[in-house]
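K.L.:
This is what each chain is made of:
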Amino acid sequence: MPTVLDVNGLSKGFTLHHLAKEIAAFDEISFSVAAGEFLLLKGANGAGKSTLLRTLYRSYLPQAGVIRFHSDHGPIDLARAADVDIAHLRRTEIGFVTQFLTARPRVSAEALVAEPLRLAGVATPEALDRARAALETFGVKPELWPAYPTTFSGGEQQKVNLARTLILPQKLLLLDEPTASLDANARAALVARLAELKAHGTAVIGVFHHPDDVLHLIDRVVDLTPNAIREEVRDDVAF
Amino acid sequence: MTLALDAPRIVQTRPLLQVQSVSKSYSDVHALRDVSAIAYPGEVLGVVGESGSGKSTLLRMMNLEETPDTGSYTLDLPDVAGNLFELDRFARRMLCATRIGIVYQNPHLGLLMKHSSSGNVAERLLVAGERSFAVLREKATTALEASEFPLERLDAPPIELSGGMQQRVQLAKAIALEPALLLLDEPTTGLDVSVQALVLDTLKRLQQDRQITMVIVSHDLGVIRTLADRVMVMRRGAVVEAGLADQIFQDPQHAYTQQLVHAKL
Chain A
1 MPTVLDVNGL SKGFTLHHLA KEIAAFDEIS FSVAAGEFLL LKGANGAGKS
51 TLLRTLYRSY LPQAGVIRFH SDHGPIDLAR AADVDIAHLR RTEIGFVTQF
101 LTARPRVSAE ALVAEPLRLA GVATPEALDR ARAALETFGV KPELWPAYPT
151 TFSGGEQQKV NLARTLILPQ KLLLLDEPTA SLDANARAAL VARLAELKAH
201 GTAVIGVFHH PDDVLHLIDR VVDLTPNAIR EEVRDDVAF
Chain B
1 MTLALDAPRI VQTRPLLQVQ SVSKSYSDVH ALRDVSAIAY PGEVLGVVGE
51 SGSGKSTLLR MMNLEETPDT GSYTLDLPDV AGNLFELDRF ARRMLCATRI
101 GIVYQNPHLG LLMKHSSSGN VAERLLVAGE RSFAVLREKA TTALEASEFP
151 LERLDAPPIE LSGGMQQRVQ LAKAIALEPA LLLLDEPTTG LDVSVQALVL
201 DTLKRLQQDR QITMVIVSHD LGVIRTLADR VMVMRRGAVV EAGLADQIFQ
251 DPQHAYTQQL VHAKL
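Residue numbers (full-length UniProt numbering), protein chains in the order written: chain A, 1 to 239; chain B, 1 to 265.
Just chain B, same shape as in the assembly (with noise of 0.2 Å):
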């Protein structure tokens, strides 16, 4: 396996993501079992398996939602220390506000889908201590433009927007604070192709322009395909394989794998 935990001898850069032997079981299934990964700054992460492979629970953890039953989380930033599963739930909040964005598959876990777009992005300001309405509603614009979102729309409530648009919106709420790590959970999923097509590119320019680190976790190899520079393979709750993108997809050496790599393309 290619998941190198060692210093590696050319970056010197320290990974911005560490997560170490992390096990989880709900009474007698085994979500996660020993799973490990790291995300260098600026680097994309593709997660892929099955349903019930456990990537969503793995996210899940790097956005402290939940905590394991072993194992350790940290992050490489100033003012971070430690083993973040240990942090109590306002400095979770507090850290999830300001450093980790995140955008569900599904909108209603990561809006207020009655709010006004532009509102759903002020919250997340609010949260982190901005009070200026003025600055509020710049930053609030600015993070949504990033997003392509359409800025005559800034006070529709998600709830009449489309799946894309509200992706859209989850996604400017996500960077509104310039996170340093941006956690995606099936983003395009239930989209069709042509909308798949301008959020992946959105996702791309993100990260290349800002550098932003970002895990994605998609049952769609061809968006993690699209986005991703590393890929890591689950399956029942471990992690299988994990290499360089092109050559998981290339040349998988685990029999799930390339099961899943002949059945896809």
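The following block holds chain A by itself, in its conformation from the complex (with noise of 0.2 Å):
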């Protein structure tokens, strides 16, 4: 399978400037991920999981190192492209899913799922229907559909967290802890789905605490505590 992304050398580390202290987080990373290849991130709390995901995703900038993504229109480095362009590799090849939903005051919940799909071109009326069957699979209650997901609890927030993410398929998915808070069947209807993206090629690249859901998924490891044998295919893993 082609690869979708090349990571090198990459350093990241934090200045806090009121302390006058730097903190690094992780230290030359190298690895690669090919599309539908499903790479799981481990490492104890701390040993820059979900650092990664962030610098990858460009809400981190990188101190050093490369971040080759193959993307649609060529290779791109994620460490240096424009601003413009990973804002337009996000909303076109680049997902990620976050514990958090990041919710909009009077933005109702299928109006937000429906989103991305509307900015991807697809008009309202068909794109609020798959957003409607998006929550339905991951188990949000119709009467919730039109309601602000400002007040709804942190479980039902990250279903439609989930619906919005992955209702596009994506060439490359970052999930960071995606089934934290989630009810068992809310878990399956992720684990369908994401089953459903890798066979489709998407690279996925995440962090899980309890790994088990997605077991049958995992093609390899990068383990980044220090000093660990950074890669590992999976057969060699315990979790």
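Do not take every clue at face value.
[As the list claims (entries may be wrong)] A few chain B residues that don't get close to chain A, going by computed Cβ distances all over 12 Å:
1. SER56
2. ASN63
3. GLY71
4. LEU109
5. GLU145
6. PRO157
7. GLU160
8. GLN196
9. ARG225
10. ARG236
[Stated by the list, open to error] For lysine to any residue, the following SDA-like pairs were computed, each having C-alpha atoms within a straight-line distance of at most 25 Å:
11. B/LYS204 x A/THR151
12. A/LYS42 x A/HIS209
13. B/LYS204 x A/LEU19
14. B/LYS204 x A/ALA103
15. B/LYS204 x A/ALA147
16. A/LYS198 x A/PRO211
17. A/LYS42 x A/PRO105
18. A/LYS198 x A/ARG132
19. A/LYS171 x B/ASP229
20. B/LYS204 x A/THR3
21. A/LYS42 x A/ALA133
22. B/LYS204 x A/HIS88
23. A/LYS21 x B/GLY190
24. A/LYS21 x B/TYR256
25. B/LYS204 x A/GLY121
26. B/LYS204 x B/GLY190
27. A/LYS171 x A/VAL66
28. B/LYS204 x A/ALA120
29. B/LYS204 x A/LEU144
30. B/LYS204 x A/THR150
31. B/LYS204 x A/PRO105
32. A/LYS198 x A/ILE218
33. A/LYS21 x B/ALA263
Calculated from the structure, these hints are not laboratory results.
Note that CB positions come from ideal geometry on N, CA and C, so glycine has one too.
These two chains come separately, so use the hints to put the complex back together.
P.N.:
This is the structure:
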């Protein structure tokens, strides 16, 4: 399968100006992921798993290294790409599921889920139909579809979040603990959707507290624990 | 700094707005120092900074209300060429009336408070040359409707309306001619939280449905976070940092931006 992402010598730390302090997150990470591959990031709390995902998405600015993403437009280094290009890739090729929904005041659950489709050019009625189907898949009750998710429980918000982020197939999907706060049915729906996306060719990089749910999908593991053997094939891994 | 003025590698579209190396001093006060900004079509650029940072001065320059000591300003639009700061008063007025909309923090700056609300919107259309009463009425009503203004109050003067409603009239006036650029100067400051949410939602919807390029100035980081794709941080007349909105809020690089983000969140 073609390579989707080549990460080489990636390092990230934070400068806290008010403490005059540098905090290292991870150093010299290298790995790659191919289309249809599912890569698990593992490591203790604080090993930098979420930081790595955010750096790949460019919510965090890397300090050194290359993130070569093979986009539909050709290879591009996400570490140095212009903001406008990153914004474009986020709309079209790179998805990121975080643990939290960014709800907007006065925007309904179905409108939030339909938004990525509308921005991709799908007509509003069709986008809403597909959004409702996605909400149903993740077990959000129909009476909540037109309601504002700002007041939903954490679990219901996370279902809306998943429906929204996974509605469009992406080339690269980043998952930061997507099963946190989900009930069993929603977890099953998520795993089924991830299997579908993987089969469709989406490259997935994920952090899971309890990877048991997705064990059968994982192809490789990257261990961020300092001094660990960085990359392992899936068969050698004990979770 | 990631305020990349170099050509992007994927998005080939040219920026709609380019402000380059603008400086302005009032006697010995440097209001703007070598400020550059770009906004791509359909993008929302947020400008944050404390009072006196120069953000409102920059916005007024984008609305051609002020001319800098040095620097240039271009809009990539048909029939609009060259450095806009070099236009004469009449050309500036026509350009602002037809291609640029603005919503001020203070509705008194943008509205005739004793004229009817629909009349305020129609005035913008009149400046652009529209003369048919029926068309004026229809277009003003459509713009007010898009701004979610209650149509039964079309004839009410802004002075009789609440702050949130006055902002909707300003917004209707600003979008009546479908401008390419919408400038927003603290559009929700002073409004209560629920009204603020309504105005933000209307702005977001307008931006998504009509792909209007927006520049929004606010000291309220929540407002910027809700609306902006990219953010520029200003301090003492200069840009200290610029980047994608989530990057500025999650991984601010400059000491001042860190101070600002930590103070607000």
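K.L.:
Find the nearest Cβ of chain A to the Cβ of B/ARG225 and say whether that gap is larger than 12 Å.
P.N.:
For B/ARG225, whose nearest Cβ neighbour in chain A is about 9 Å away, the distance does not exceed 12 Å, so it is violated.
K.L.:
Below or equal to 25 Å on CA atoms is what counts here, so check A/LYS171 against B/ASP229.
P.N.:
Distance of about 22 Å is within 25 Å: holds.
K.L.:
B/ARG236: least C-beta distance to chain A exceeds 12 Å?
P.N.:
17 Å, holds
K.L.:
Does the structure keep B/LYS204 and A/THR150 at a Cα separation of 25 Å or less?
P.N.:
Judged against 25 Å, a Cα distance of about 17 Å means the pair holds.
K.L.:
Need the status of pair A/LYS198, A/PRO211: alpha-carbon distance at most 25 Å?
P.N.:
16 Å, holds
K.L.:
A/LYS198 and A/ILE218: Cα distance at most 25 Å?
P.N.:
Status holds; Cα separation ~10 Å.
K.L.:
Quick one, are A/LYS198 and A/ARG132 close enough, alpha carbons at most 25 Å?
P.N.:
Between A/LYS198 and A/ARG132 the Cα gap is close to 23 Å, so the pair holds against 25 Å.
K.L.:
For a C-alpha distance cap of 25 Å, please report whether B/LYS204 and A/ALA147 respect it.
P.N.:
Between B/LYS204 and A/ALA147 the Cα gap is close to 18 Å, so the pair holds against 25 Å.
K.L.:
Does the alpha-carbon distance linking B/LYS204 and A/THR151 stay inside the 25 Å limit?
P.N.:
OK: B/LYS204 and A/THR151 at ~20 Å, within 25 Å.
K.L.:
Hint check: B/LYS204 vs A/ALA103, CA-CA at most 25 Å. Holds or violated?
P.N.:
Roughly 13 Å between the alpha carbons, so the hint for B/LYS204 and A/ALA103 holds.
K.L.:
If you draw a straight line from the CA of A/LYS42 to the CA of A/PRO105, is it 25 Å or shorter?
P.N.:
35 Å, violated
K.L.:
Taking 25 Å as the top limit, are the C-alpha atoms of A/LYS21 and B/GLY190 close enough?
P.N.:
Answer violated: A/LYS21 to B/GLY190 is near 38 Å, above 25 Å.
Consistency with the previously given hints fails for numbers 8, 9, 13, 17, 20, 21 and 23, ordered from lowest to highest.
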